[in-house]
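Modelling step: build the complete structure from the supplied sequences, incorporating the hints.
Here is what each chain is made of, one letter per residue.
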Amino acid sequence: MTDNLTRRGLLGLGVGAGGAVLLGACGDDGPNPVVNGGGGDAQPAATSYSGPNVALTFWNGFTGGDGPVMKSLVEKFNAANPNIKVTMNVYEWADYYQKVPAAVSTGNGPDLGIMHVEQVATNAARGVVLPLDDVAASLQLKEEDFSPPVWRAGVYNSKRYAIPLDVHPQGMFYNKKVLQAAGLDPEKPPTTGDEYLAALDALKAKGIQGHWASPFPFTGVHQFESLTWQFGGQLFDDAASKPMFAEDAGVKALTWLVDLVKKGYSPKNVAQDADAIALQNGKAAFNWNGIWNINTLNGVKGLEWGVSALPQIGTQKAAWAGSHNFVQFKQKANDPNKLTAGKVFINFISQQSLEWAKGGQVPARKEVRESAEFKGLKEQSAIGTQIDDLHFPPSVPGIADAMATMDVAVNEAILLRKEPAKALADAAAKAGQILEQNKKKYG
Amino acid sequence: MRRSTPYLFLLPYVAIFATFTLVPAVYGIWISLHDWDYLLPGKPFVGLANYAALFDSASPVFDFFWQSMEATGIFTVASVPLLIVAPMGVALLLNRAFPGRTLFRAVYFAPYVLGVAVIGLLWRFLLDPNLGMVNSLLGTDIPWTTGLPWAWISLVGVTVWWTLGFNAVIYLAGLQDIPRDLYDAARVDGAGRWAEFRHVTIPGLRPVLTFVVINTILASANMFGQSYLITQGAPGVETRTAIMYIADEGLRSYRMGSAAAMSYFLTLGLLLVSVIVFRLFREKDK
Chain F
1 MTDNLTRRGL LGLGVGAGGA VLLGACGDDG PNPVVNGGGG DAQPAATSYS
51 GPNVALTFWN GFTGGDGPVM KSLVEKFNAA NPNIKVTMNV YEWADYYQKV
101 PAAVSTGNGP DLGIMHVEQV ATNAARGVVL PLDDVAASLQ LKEEDFSPPV
151 WRAGVYNSKR YAIPLDVHPQ GMFYNKKVLQ AAGLDPEKPP TTGDEYLAAL
201 DALKAKGIQG HWASPFPFTG VHQFESLTWQ FGGQLFDDAA SKPMFAEDAG
251 VKALTWLVDL VKKGYSPKNV AQDADAIALQ NGKAAFNWNG IWNINTLNGV
301 KGLEWGVSAL PQIGTQKAAW AGSHNFVQFK QKANDPNKLT AGKVFINFIS
351 QQSLEWAKGG QVPARKEVRE SAEFKGLKEQ SAIGTQIDDL HFPPSVPGIA
401 DAMATMDVAV NEAILLRKEP AKALADAAAK AGQILEQNKK KYG
Chain E
1 MRRSTPYLFL LPYVAIFATF TLVPAVYGIW ISLHDWDYLL PGKPFVGLAN
51 YAALFDSASP VFDFFWQSME ATGIFTVASV PLLIVAPMGV ALLLNRAFPG
101 RTLFRAVYFA PYVLGVAVIG LLWRFLLDPN LGMVNSLLGT DIPWTTGLPW
151 AWISLVGVTV WWTLGFNAVI YLAGLQDIPR DLYDAARVDG AGRWAEFRHV
201 TIPGLRPVLT FVVINTILAS ANMFGQSYLI TQGAPGVETR TAIMYIADEG
251 LRSYRMGSAA AMSYFLTLGL LLVSVIVFRL FREKDK
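From first to last, the protein sequence lines are chains F and E. As numbered in the numbering used here, residues 1 to 443 make up the first sequence, in order. As numbered in the numbering used here, residues 1 to 286 make up the second sequence, in order.
It should be emphasised that the hints constitute simulated quantities derived from the structure, not laboratory data. What you were told as hints is all true, and nothing was included just to trick you.
Cut-off 27 Å, straight-line C-alpha distance, at most; resulting in silico cross-link-like pairs (BS3-like, lysine-lysine):
hint	chain 1	residue 1	chain 2	residue 2
1	F	Lys-242	E	Lys-43
2	F	Lys-332	E	Lys-43
3	E	Lys-43	F	Lys-439
4	F	Lys-99	E	Lys-43
5	F	Lys-378	F	Lys-76
Right, here's the structure in full:
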């Protein structure tokens, strides 16, 4: 690591402030003194790069239909910036989140990457990612341009570490032919809890189990989260220091899902992905799934399907959503040219978010969301109507550890091995201990 | 010079062993005595607290850890006998002369060539409780991947199908090393098929058997991929094995100190089992 780069020195090089100052000497603010810089007063980062040729590596987990879209955006960027060559590598998300910190710690980390909103704080606390306040400044991005919870989640210890690329909410996918077969209007999917149950009854009368309740994170746990928020609850308290998913709203949410199985609207023992496949082959009518499912369903020949906002089962509208964010990774040797080039890249892709939306996402930027072009993307914008009702996983370091206990509770309850209240209470007790542990660890 | 020759020959291996096994193993003990996240600057020394937590029912790891040890135990106890006996039967059959023998040898060994990702995904789809081919052929709705004891039956069954060929090939090599004249002598003494098997084949296979038993126990106790891909630990965390939980704790929650302590505990247990197996086979030698 080099210590000879100072904020002023970098500014003198015309590189910009903020994240560029990595390994400076200011070690008092924050748990990890190695990474510093940025802050709300950061100067805008460069939006073009005229230095010597640089090669950047860009890692992400876009293994689905979104991968080719991102690849074409990268190619577009490379063509427009002959002195920057970005190479993209794709890993499974689960592998990616293990691989990246290890690679960064040995100095072999990529220059750029994508992170889910709930991973940003953990990786900021662990010194894996660099502050990006300057990029936010040069993009002239403000909270009101985005969905506020997404925008705020990118900040850790009053520095911004992530630039939102998209939001990917849960929506209600439906198979039109199956609805028709049960005498339901395929153009008017249910919007309330009563309508939803009535539709499930009509389907059941035809021998169709309309909503397959998945016991796995994709999609069962996300459904549980949507419903918990719909019943007015929270997963964790605002500081994410205490689990709240086992309280009344959580129990109602999980009971509702378990009742789908108990009342025969869902088969028992649904396995991973079976819920999504059942919709495709006409065994189920509904599947509450992430927006990425649009691409998958578009690839199924002869399938007539639609997507809408989630029905309002609880007392208010709400839906789970995740968000992809740009991050810049810490490097062992600090190359200001690469950092600048990386910021230019983030800036460029961020402005292409409509193209990205075509890959099956809702753009993070409000102006793009409200553009006529985005409204022309029928499915994406149907899901996008929920933007003000979206809830995101909390962004505090180590939150994923606590959320893993919730996955277990949902799994046990939907597989009918534990009563919902008991499963959630057991998980919450464990989550509380883990949060306590994390507080000590991350400060 | 002459004295040092054997050591010089050993040196390359020792160097590799020290770098990739010995040093990391000792370093692991050091890690297990700390609250260790390799990316955080502070790694507070906690003494034996990570080990004590494994025995403290109020600690956050206690339930999950013992649950995972139980899962590993169930899997090992269920799969090892099958993986010792079934490949032996296959090897005995494949050791006889019949047309197409080479083909069958290849067929039984073939699954072992596939990676765990391939067989895991393949069987997850085949065994899907509601959409899978297995239930569809049987006309049942058995929760092969999401219910108990079915998930264990699936995991053990898939593992036996997958790795049977490996043990069978080891046995086959062992069988071919047994001198033919011992069988001839046995026959002259009036031994039948069973007596031949008991008094010639089994003793002849003993060195191979020791290897197969220990190797199979260790492989089963280290089971990870099958659970990870086929059941994802479900239902609940019932099929989450020790290795899976240790990986979660160390690599996903970044509590490497705690994960290292669990690894050492598991290693000690497996060492103990290995020693017992060695003893058992040695005593029979007398």
